[in-house]
Amino acid sequence: MKNHAFGVVLRAAILTAAFVTPAVAADSPTIIDANSLDAILGLAKGFGSAELDTDGVGDPMISGRTNGIKYGIYFYGCEEAKDCKDIQFVSGWTGVKLSLEKINEWNRTQRFGKAFIDEEGDPGVRFPVNIRYGVTSENMEDTIDWWAVIVKSFKEFMDENEGK
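For the sequence shown, the working numbering begins at 34 and goes up steadily by one.
Hints listed in this document are in silico derivations from the structure and should not be mistaken for laboratory results.
Under the rule of at most 25 Å between Cα atoms (straight-line distance), these lysine to aspartate or glutamate pairs were calculated in the DMTMM-like manner:
id, residue 1, residue 2
1, K147, D92
2, K135, E153
3, K185, E174
4, K185, E138
5, K188, D88
6, K135, E193
7, K78, E189
8, K197, E153
9, K103, D71
10, K188, E152
11, K188, D155
12, K78, D175
13, K115, D86
14, K118, D175
15, K103, E152
16, K197, E152
17, K147, E195
18, K185, E84
19, K103, E171
20, K130, D192
For each label pair, taking beta carbons as the anchor points, the in silico distance ranges come out as:
id, residue 1, residue 2, range
21, G81, T169, 17 to 27 Å
22, Y109, S186, 19 to 29 Å
23, K185, S61, 29 to 39 Å
24, S170, E84, 15 to 25 Å
25, W179, G89, 23 to 33 Å
26, Y109, K78, 17 to 27 Å
27, K197, D175, 28 to 38 Å
28, E193, F145, 17 to 27 Å
29, S82, K130, 21 to 31 Å
30, E152, I64, 33 to 43 Å
31, E113, Q143, 27 to 37 Å
Glycine included, every Cβ here is placed at the ideal spot set by N, Cα and C.
Start from the sequences and build out the full structure, keeping to the hints where you can.
Written out as structure tokens, the structure is:
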């Protein structure tokens, strides 16, 4: 009887410990930061064409196309073309005229993607992303998906409002 009671208490203690011990994930998530060029490139390729390139100051960039629209992913805060801190998605159009009123309308009504008029008077849209301390690959993939939605929506907005 004593052994049986001890066995019941022992089993209860083991079960309790199993429920209060935090579960450890079998696989840790992959963390991506602004130095994970190959990982970001691979994810970008899931949304269209993409290739590794270099910007005008020698920092890395990714040139891509999603929904038939060209874009770039620029890497910022780099030291000697590495140790980058942040990224920004950018797409611009030439030969399209969009008024400042329409640019402001976009910026007022859209949660993501900041529209602008560049030095030549051409419209564009950008999407800065802070990944300095890393994000999961799932988060980065979702960010690229958001960019695909932003750039497609902005193109549609321009088509509806060109010359206005």
